[in-house]
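Given the coordinates of chain A, work out where chain B should sit on it, guided by the hints.
Chains as they are written, first to last, in numbering that gives the first Met the number 0: chain A, 0 to 120; chain B, 0 to 286.
Be careful, since some hints might not be right.
Unchecked claim - Capping the alpha-carbon separation at 20 Å, the derived lysine to aspartate or glutamate pairs in EDC-like fashion look like this:
no., chain 1, residue 1, chain 2, residue 2
1, B, Lys74, A, Asp113
2, B, Lys266, A, Glu94
3, A, Lys103, B, Asp276
4, A, Lys103, B, Asp231
5, B, Lys284, A, Glu94
6, A, Lys104, B, Asp276
7, A, Lys103, B, Glu97
8, B, Lys284, A, Asp113
9, B, Lys178, A, Asp113
10, A, Lys103, B, Asp75
11, B, Lys279, A, Glu94
12, B, Lys261, B, Asp277
13, A, Lys104, B, Glu55
14, B, Lys261, A, Asp110
15, B, Lys266, B, Asp231
16, B, Lys139, A, Asp113
17, B, Lys262, A, Asp110
18, A, Lys104, B, Asp249
19, A, Lys103, B, Glu162
I should point out that these hints are in silico values taken from the structure, not numbers from a laboratory.
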Amino acid sequence: MTINDNLYQNSESYQENPLTPEVSNSTPKKKFQIPSDPKLRLLFTLAIVIIVLIFLSLISFLFRKKTTVTIPTVTPTKIISPIPTPTSAIAIPNELQFQLDQIKKLSTSPDFVDPPTIHSF
Amino acid sequence: MLLLLISLIFFFNTPVYAQEASVSAATTVPSPTISSAPTVTPLPTIIPTPTNHPNEDLYQKYIVDYLFLRDAYEKDYLVYIEKSRIYTKYGTTTTQKEKIDAAKTVGISLNKMIKAYLVAIRTRLNIYQQSNPTDTEAVKIDISKQESWLDEQNQIVNSINNETDLNTWFKSFNTNYIKIQTDIYTALVLQEANSKQEALNQIQTLSTNIQSLPNYSNNLPSWISNLAIKTDLIKDYLNSSLNLTKAKQDKKSFQNFYPTAKKNFTKATSYFDEIIDDLKSIILKSI
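Just chain A, same shape as in the assembly (with noise of 0.2 Å):
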């Protein structure tokens, strides 16, 4: 060993030497565990469920078949309006009108009361 070396070796900046193995001052990283504790599980496992479910979800919604609800499509016509018949148009004059629904009255059976029943002595 040199001098420089001890040199260096003594110095703060020891450390420094790119050739030496960093030693990091944090924790170690630990493995994904199962909780241990029941609750904790639970919570776990209930959380597990709803994420997969989402997922089947969303799955399903992006492959959904599309459902068509038959709606009958309006399909316009060239001329829509009331236009009345020759027929519709004309009406009865009154006179006549009224000889109609005279005989209609006269011809349909009159109401009756009917007669009295009686009781036998």
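What follows is chain B alone, placed relative to chain A:
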């Protein structure tokens, strides 16, 4: 969690309206355009309606009287039943007298009730009497006689003091009641026949009026022959009904002819409906 599940289920059950966009586009209907519409003459606003005959109103008033007297008769009859039950139970002179008095009251109520009905139907016969004046007048006279007979019976019932006379009176009443029933139903049949006969007369008048319409064509005479056939059929039904009223009655019980007569009238009414439809068509073609 549960809410989330429910919301997920709801989400997947919601239908997708694929045609929403197309429908909203399709429903935009262009505004209606009336092109070359025929000019419509303004319709008459006041159409006279057939009014009631004065005797029809009078009939309605008499019927109200009849209904009141019918209720009174029913009440009196219930009292008589009660008094009769008490007499059967105790058999005393007092209870017997009460029973006879109650029976007399029922007898008088009965006479008044039937008379009220007879007056009502006799009044109604006046309405279309001109359709069949002879028969109608004859029936009205018969009914008037029955009304007088019922008035006399009230005096007789008032003078009755014992059960034997009361029973004799009831027997005589029942015998005459067959005649009363015959007169009542005859009046009902005649009333309807007269009304329908009047309708036939008015059809003849209307058919004459139609032939004088401006556009009446001589190419439409087939409906006249058709009309004649149907009116003849109606007349046959009316005559059949009237003939039923003239059949002799059994002395012991009343043979009711009214249901058969009513069937004939129903058939006649259906022919009337056909005639009215024909007349409307012809009028529309002729004006």
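Hints, one by one, checked against the model:
1. B:Lys74 with A:Asp113: 19 Å, holds
2. B:Lys266 with A:Glu94: 28 Å, violated
3. A:Lys103 with B:Asp276: This hinted pair holds, its Cα atoms lying about 10 Å apart.
4. A:Lys103 with B:Asp231: Since the Cα atoms of Lys103 (chain A) and Asp231 (chain B) sit roughly 18 Å apart, the hinted pair holds (cutoff 20 Å).
5. B:Lys284 with A:Glu94: OK: Lys284 (chain B) and Glu94 (chain A) at ~16 Å, within 20 Å.
6. A:Lys104 with B:Asp276: Distance ~14 Å between Lys104 (chain A) and Asp276 (chain B) Cα, so the pair holds.
7. A:Lys103 with B:Glu97: 54 Å, violated
8. B:Lys284 with A:Asp113: Violated, because 43 Å separates the two Cα atoms, which is more than 20 Å.
9. B:Lys178 with A:Asp113: Given that 20 Å is the threshold and the Cα spacing comes to 17 Å, the pair holds.
10. A:Lys103 with B:Asp75: Not OK: Lys103 (chain A) and Asp75 (chain B) at ~42 Å, beyond 20 Å, violated.
11. B:Lys279 with A:Glu94: Since the Cα atoms of Lys279 (chain B) and Glu94 (chain A) sit roughly 13 Å apart, the hinted pair holds (cutoff 20 Å).
12. B:Lys261 with B:Asp277: Not OK: Lys261 (chain B) and Asp277 (chain B) at ~24 Å, beyond 20 Å, violated.
13. A:Lys104 with B:Glu55: The hint holds at about 13 Å.
14. B:Lys261 with A:Asp110: The given pair, whose Cα atoms are some 12 Å apart, holds under the 20 Å limit.
15. B:Lys266 with B:Asp231: 13 Å, holds
16. B:Lys139 with A:Asp113: Roughly 19 Å between the alpha carbons, so the hint for Lys139 (chain B) and Asp113 (chain A) holds.
17. B:Lys262 with A:Asp110: Roughly 15 Å between the alpha carbons, so the hint for Lys262 (chain B) and Asp110 (chain A) holds.
18. A:Lys104 with B:Asp249: 36 Å, violated
19. A:Lys103 with B:Glu162: This hinted pair is violated, its Cα atoms lying about 54 Å apart.
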